[in-house]
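*Asks:* The hints should help you fit chains B and C onto chain A, whose structure is shown.
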Amino acid sequence: MSKELELLSSKVTAGTMTRREFMSRAAALGVTAAVASSMLARPAQATPIAGGTFKMGIQGGESTNSQDPASWASDVPIAGGFCWGEPLIELVHDGSLKGLVAESWEGSDDATVWRFKIRPGVMFSNGQEVTSEDVMQTMARHSNEDSKSGALGIVQGIESMRTDGDVFEVTLGVGNADLPYLMADYHLIIQPNGGFDDPTAAIGTGAYVLESDEPGVRMVFQRRSDYWGGDQTEVAHYDTVEVIVLNDATARVAALQSGQVDSINRVEPKIAKLLARAPTIEVLSTKGRGHYVFIAHVDTAPFDSLELRLALKYALNRQEMVDKILQGYGSVGNDIPINAAYPLYDETIPQREFDLEKAREHYAKSGHDGSPIVLRTADGAFPGAVDAAALFQQSAQAAGIPLEIKREPNDGYWSEVWNVQPFCASYWGGRPVQDQMYTTAYLSTADWNDTRWKRPAFDDMLLEARAEIDEVKRKEIYSNMGRMLNEEGGVIVPMFNDFVDALSTNINGWEANPNGPQMYWQTVKYTWKA
Amino acid sequence: MHPVLTLVAQRISLGVLLLLAASALIFGLTEVLPGDAAQAILGQAATAENLANLRAEMGLDRPAYTRYFEWLGGIVTGDMGNALTNKLPIAEQVSRRMGATLFLAFWAAIISVPLAILLGLIAVRYQNRWPDKLISGITLASISLPEFMIAYILVFVFAVQLAWAPSFASVSPGMPLLAQLHAISLPVAVLTLVVLAHMMRMTRAAILNVMQSAYIETAELKGLRTFEVIRKHAFPNAIAPIVNVVMINLAYLVVGVVVVEVVFAYPGMGQYLVDAVVKRDVPVVLACGVIFSAVYIILNIVADVVSILANPRLRHPK
Amino acid sequence: MLKNIPLSAAIGLIITATYFLAAIFASWIAPYGMAEAVGDVWEPSSAAHWLGTDQIGRDLLTRMIYGGQTTILIATLATILSFVTGSVLGFIAAVSGGWIDQLMSRLVDLFMSIPSLILALVILSSIEATVVTLVVIMGLLDSTRVYRLARAVAVDITVMDYVEAARLRGEKLQWIIFREILPNALSPLVAEMGLRFIFMVLFISTLSFLGIGVQPPLADWGGIVKENKEGINFGIGAALYPAVAIATLAISVNLIADWILTRTTSLKGGRG
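Residue numbers (the numbering used here), protein chains in the order written: chain A, 197 to 726; chain B, -6 to 311; chain C, 196 to 467.
So that you can see chain A by itself, here it is in the shape it has in the complex (with noise of 0.2 angstroms):
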């Protein structure tokens, strides 16, 4: 495109010449119409501006948060965390990945043996280089035998690992296709010496470093002058970036209406549409793989009845769950844990439907005694847990299912309730590819194995879609895999959700990030203030 066209343009935008003009000198250019318009209908395209204050209003900080990435769990500080850090690899929107402190990654044909080719001239905020030690420690640390870290259940597969000048190695005791993905971990964020010295030091190599930091309230962060990535015209614009502890949703869109913060994550459903007519204000909805679930022990009575289960996944009413609880921005579920939204779906597999009369009739197949089934919630199990328990009650008692709700107490229902009692609401935020979420709750040994999934079968097929390199054989794998799940398992999958958020209008740069919320917290990279 003339750099003629492009100042005219940025006329247009900065209010010095009338868009009709503009379309006259365009075509006088020899642009046609529909290109000219498109111009000025997208200033997202617009050059990006270096500077200002991106303030971010978050839902899940308390004041207990650490800086330790180990300790990761909730949204506030892995938003801060994704600011001052960065893993060896980024996800990108697209579903492909692209290099961070790692700058190119191979695999053996196996897939057992990862070489990661560390990016020569990446400093941490303390002036250190970063070397392939620092990785091979950051590896470490979360693997270690003492170590509480959440992504201990991604790093364990690994046996050893080497450096070798440049290059961190890792050797896998079962091949694993995807481990480059599993590197994007956000608790695998690349400190000096693996964090071993101060793991709540928030040294890394991320473009802002950190200025202050209250636990549960904000924390406030500066653009780095010697970032890797390039400078503030290119990548990581602002000057400053605010992340601001909101943790009630009336209070996140009080303050976004007012023009207090420029964005804020997890809009609630039910006023989404009511906040997307403000005029400034932009409601972003990012499908993603995250769902909620209700999950059934099949090894417990009477969960351990397929005609029991059957006649409880034909008695939801998926549709009525996404309109009502998440009106709209989502979509059903299939009671597998997987979606479109995963590499290697199947899109075959069929759509399980609501059906009263099926419910029925597979409930009198199971012989049930008439006992009330309890389905135990909580408004902290899922956004509108208690609201789908009901919702499913009512459908259930049509087909004549004693379906009987208890809430519990929000407090404690974690370690109480979940992965404790037999039949429940919890969800699962998903994971970048499907051996990894099948992996950490399907897996006959898994730890968070919920629904108490345990074949043999199943497991024999998750291990060899790991190490299979063929993509077709591996999806037709997957496909059965989730057909099994589909028609035998515990897990009974209402809906998956949407991560819903909401943009300040003079915020540029948006592409929805299928793996979180916010971009997967690039917004502080990606996005610049008009």
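None of these hints come from the bench; they were simulated from the model.
Careful, some of the hints might be misleading.
[Stated by the list, open to error] Partial chain A-side listing against chain C, Cβ under 10 angstroms, derived:
1) Val288
2) Ala450
3) Gln453
4) Lys466
5) Leu470
6) Thr476
7) Asp519
8) Lys520
9) Val582
10) Ala584
11) Ala586
12) Arg603
13) Glu667
14) Arg670
Using N, Cα and C, we set each Cβ at its ideal position, and we do this for glycine too.
*Replies:* Chains B and C alone, transformed into the frame defined by chain A:
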């Protein structure tokens, strides 16, 4: 020694004992709560292995009494210890958050207590006439709305619609006082509305009760103006119940404002305590709990002493 | 006596009676089933749904009627329990004095000094929340507040000459409490009772807020406000109606309390 002084000394020493009992009780309660800090931190990410690791690291694998006496030993020497969850020193966090809480409570009290008493006096003066009914109606309406409802309504009107005040109270140490007051104007307004009615109604009821006494009639017969009678004769004799209710509300302003803190994202003690309870961060729960207990106990002593000083018959026991 | 009833008290009585009657006959007058999802989310009011629908499409009027039942039942019982326990113990402490007073007062101090949030969390996560346990826990926790007030009022009265006289006559503790103290302490207590009733209504909603209140699909008014609170900033009525219901109930209960207050004071042969 003057009997009142003896009483004060007695109450203070009792208060220290009470504080000790309260800390033991709070510790006991945290032990009864299901789950522990290790489970709470790992949450859905808990595995048998990392749970055990984390418990050992935090010292949670030792018996309860050892942990309690260790904590007690620390407190006596002025060391509150570090939080289990983020390893930050508790004393530093507590002093910052207590400062924030007291700042908010102070301004809410400065406005609400005199206003409540004044409105109470006016209500008595114009008993059963329209000013009385208006005051009663408004204060009752404000008290009967849930706190978050009042907060949301004020935010909607004054922050979102009119943009007069910020929707969340962001106060940082370097801010000038006026800017800080502007920042906390909405939370102060909410708290004032919440505690006003209770104190105002008690003032009104207590004074009306005293107004029936013979000496008031005497005073009226002397020809004093109604307001004078209320101020000089009725009010001092009605002080005991008023002080009690004021005390309960002041304590509330310090320990009970967690909802307001959440809505306005205000970094006070309530939020700190709730987070600590949720994460089973026992040293923090104990520190906050003991401070709250101390606030109650001190305010109680003040209320009792004021009641005694105000009533001559109690001041000079027969 | 009803002839002289002032207008404000009459209004209070009518509204309170309406709410109580609606609560008692809830299952007859509610247009739909309590948990039935009958419409779309947050529908505006219409002929089919007078108050519109709630956050998952249940009829709001129905929810309000059943919610009123829960709220009024629990709040009334808990207030009565709190007042009987608190004031009787407070009077006993004031009249007895000495170590009984000290022991009881310090015990109450101990319980009041522990943030009620921790107490409620612990108690309700170890026992199941039913209407009975909720009433007992709320009533007893709240009775500590009533105790302090009752004792403070009674201490002032016990030093009055007529109480001294009764003591000298050799009257029993019971006689002193019910014949001398109670009538003279009634006004501040009645005034307080109206307020404590509202605090009970709010207390249930706080417990619902913590997820330890009444079990769904049952709801109390405070709970309905909370369920629909996101709508406030967008003018959705679902959050406002239950709040208005709480406020009108509170005001009418207190209008009655005020009326009783003036009646009791005039009964004492004051200046009428």
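*Asks:* Of all the hints given earlier, name the ones this structure violates by number, lowest first.
*Replies:* 1, 6, 13, 14
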